[in-house]
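**Q** Read top to bottom, the protein sequences are chains Y and Z. Using my numbering, read the first sequence as starting at -10 and increasing by one per residue. Using my numbering, read the second sequence as starting at -10 and increasing by one per residue.
No lab work stands behind these hints, which were simulated from the structure alone. Heads up, some of the hints might be wrong.
Treat identical chains as interchangeable: a pair holds within one or across any two.
As the list claims (entries may be wrong) - Simulated crosslink set (PhoX-like; lysine-lysine; CA at most 25 Å straight-line):
#, residue 1, residue 2
1, Lys301, Lys480
2, Lys54, Lys83
3, Lys29, Lys40
4, Lys109, Lys301
5, Lys469, Lys312
6, Lys88, Lys71
7, Lys168, Lys312
8, Lys71, Lys304
9, Lys319, Lys90
10, Lys174, Lys312
11, Lys21, Lys68
12, Lys304, Lys109
13, Lys480, Lys168
14, Lys384, Lys79
15, Lys109, Lys446
Number of protein chains: 2
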Amino acid sequence: MVRWHYDNIEISLRSKEEEKVFAEKFYIAEAKLLDIEAGKPIVMLNESEAKENGIYHGSRVLIRKGNKEAVGIVNLSSKFVKRGQIGFFKEFEKILEIKDKDLVEISPMAYPMSIEAIIKKINNGKLTDSEIENCIRDIVDNKLSEAEIAAFLVACHINGLDDDEITSLTNAMVESGGKISFESKYVADKHCIGGVAANRTTMVIVPIIAACGIYIPKTSSRAITSPAGTADTMEVLCPVEFSLEELERMVKKVYGAIVWGGGVNIAPADDKMINIRRPLRLDPLGVMMASILAKKKAVGSKYLIIDIPVGKGAKIEDNERAKFLANKFKAITKRLGITTNVLITDGSQPIGRGIGPALEARDVLSVLEGNGPIDLYEKSIIMAGTLLEMVGKAKEGEGAKMAEEIIKSGKALKKMREIIENQGGNPNIKKEDIHIGDCSYDIVSERDGKIEWIDNKNVSRIARIAGAPTDKGAGVYLWKVKGDYVKKGEKLMTIYAHTETKLTLAIEAAQKFNPFSFEKILLTRV
Amino acid sequence: MVRWHYDNIEISLRSKEEEKVFAEKFYIAEAKLLDIEAGKPIVMLNESEAKENGIYHGSRVLIRKGNKEAVGIVNLSSKFVKRGQIGFFKEFEKILEIKDKDLVEISPMAYPMSIEAIIKKINNGKLTDSEIENCIRDIVDNKLSEAEIAAFLVACHINGLDDDEITSLTNAMVESGGKISFESKYVADKHCIGGVAANRTTMVIVPIIAACGIYIPKTSSRAITSPAGTADTMEVLCPVEFSLEELERMVKKVYGAIVWGGGVNIAPADDKMINIRRPLRLDPLGVMMASILAKKKAVGSKYLIIDIPVGKGAKIEDNERAKFLANKFKAITKRLGITTNVLITDGSQPIGRGIGPALEARDVLSVLEGNGPIDLYEKSIIMAGTLLEMVGKAKEGEGAKMAEEIIKSGKALKKMREIIENQGGNPNIKKEDIHIGDCSYDIVSERDGKIEWIDNKNVSRIARIAGAPTDKGAGVYLWKVKGDYVKKGEKLMTIYAHTETKLTLAIEAAQKFNPFSFEKILLTRV
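Chain Y on its own, in the form it takes in the complex:
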């Protein structure tokens, strides 16, 4: 066999006909199921047999069993897999419905078409709709290696994506996974770009909006770098892992739901990219926007409110950058047919007093009872009010008032209890039922002064080291916030943990990374 597939020749030769040529060359082998998960579709081939067939380490092969097909990435072995055998990593059992000793066809494959698109973006070209579709489809179908996906992401990060490309990318991501829709034009959604600790507005806004008979199928994330995602906090009250069909059914019943976005199969390309983006802290603007918006479009959202917190210690520290991002979101959502409002909010300290799943869930229930941290209360009302105005439920300028009435009347709390019950939780749960870590430690102020800002990153760090989000009851409770006057020896915050070991580590972290900054009188000495 000609070694087509390891060189440029093969790339330039590739056309529809040539792709077929590859698929027409094959050999037969017997399946050996390996109980190995690699997180990617690896097959083990016998080294000499594979090489005779022009297949090398890292080659892609097409595997056929009856009318089922899958793409595998080749690892080679000389003894573990004998001639005439093919070892399957676990990922294949489902895809190919394969059993031990089944016979399969193995064909060498050309590089996937999307490689050309990746090279084009590396060279700062503009990608067409179909090039972007190829990339997303090949990512979902595991046709691209991690190195190739990384190359795509870095190229998008450095060379950027324009509005056309971001729109294509969003649509391609939507098409790559499941979709639902509601026979109503009233489908609302919200998104926060993150970076502020606690900030559980979703859990206040969703019941307010749902109480008004507006669908709000909210998918939320778990913590990645924070001590709690909305999904982690909601999970304190009820299950959050549902299929897309279950989400649809639940929302059709009570208008609202808050589920973990990773559980429903929407925009799966995004999940594959996130593992590569994370260690490199790669957040290409266009990819980030497409990933957010695809998840809204896939659940049929028509009205969207986006929260961009800005301030010292937040994800975005610069107002100009926030405005740029806001306008970009408005431009793209307009193309996608989603009516959007963007709110730029104060991100210079956490929103709410508790940080960590259980502590945040307590704050949310307080707010829904009409009490709780004033910042969380007000922010939620403004955001929910804006949505109510957008869908035409409230007159302009009266949304916030309406939202507040829905809380004060107890309708929001009632709706939240319906949602909790609908998702399989205890609808009668009280704040006091929520367990907080038994080990605690008070951090007190070492000076008098007025608090200027509270570093979100440091608060998050301490809460995570205390055990959040895995230990639901772990975290930090803030006794003082921005603008408060503090005396030396007064409590600033309490750290909660499930074990003494974690508490000790968190206390050490709190001493090293103090989140509280005081206003200074003396600015500079000249």
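Starting from the known structure of chain Y, fit chain Z onto it as the hints suggest.
**A** Below, chain Z alone, put in the same frame as chain Y:
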């Protein structure tokens, strides 16, 4: 255990002390050797046990056995590897000298330091010496994933490397592998940036230079996208796979050697990068230069001649680009203490008549006998002559004449036979002894005309499809070259193959990708 190592927190926490903290948390498991090669250091851990220890799919772990340490990338399994076990892919057997049932310590690891440098380059920062050293060391030590290496390469490609960075990268690559040196200031070397079919000047220059008592320890590559690398062609005459120590010993004995660069352990970081660069056709200028120059510096070269072929169908088609590259090479080699001359040569057709290992080896022997293709003869003499002038063996302007005399006197052929014998080949080999593929087909001209240029890429394509470089006797022999007048029906080239199947495929390719272009009288009709 705190989930340090899957988020940004961990990254910012990392310091010498924190690195220690990670290494201090460990669990003990029993080795299970798996006969699997993954091309990267994968260990299989029991899923639940790993997760309890804060280790996830894709995590890096430090594995200790006695005083040996290695870094592994984690795959998880629930049944294949039991609690208390660790499965080792083949790569570890050597590194850790591990045997079945050996006990090892497993510790979760922080992200490697070089991640910070990669992020810096993605954001267009300038890397310091130590940042570049970190990257190269972590690549060699398998601490970076393929995705991370790809990110580094794409960032270098798009944002570029300046002269300081290229110099650091070269030095870091040299330090990452083996080095040899000769107690002589007369150590010469040559390099061609490639893209021209055949062009086996190395095999003529090395014996000429060595015949003058100048060390020339030449490491050459095998074909990647071409039908033959110098190593493939030399292998027709004698073995080419030697260790670095063997190369040193051989060169000290007869002054010259031509060995496969992949066999000696120089600049190993480059080998790891090439697998990622290839499918993406990523050739970041700085990385490419560092990779070339590191291999020269590692064998102690002090005088270097670089050949940049330019022309239609060559790697570089544009003269300005060639000059830019030439000046860049001169600037970097000056910093590295290597005296360099760059020759920009005609790359608009193959150099030599035969294309494919055996056919090229025949051309080389003809040239050393004082006959053979005139282009290969002249180019080799000019290059060897320049080197003789550079080291001071010939007066300025008299190098080529001296080189020609060394051929005419038979000294070059005699030296080549010494080199062949030194490398374990038959020193008495004759052209006729070299076996050419038994299946052949003549391609004849369909028109009269004068040949303007011959496309290197198409010639290479045909030769590869005929079976080169794997089938040593396969390839193409050119009967007509640039400037020749051809009559309709005259032979243009002959294709040779080992089997009829490959010959048929190559004939089809020759019809589709005709490499010969004729001069046109009519340029444009207005």
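**Q** Can you give the numbers of the hints that this structure goes against, from lowest to highest?
**A** 5, 7, 8, 9, 10, 13 and 14
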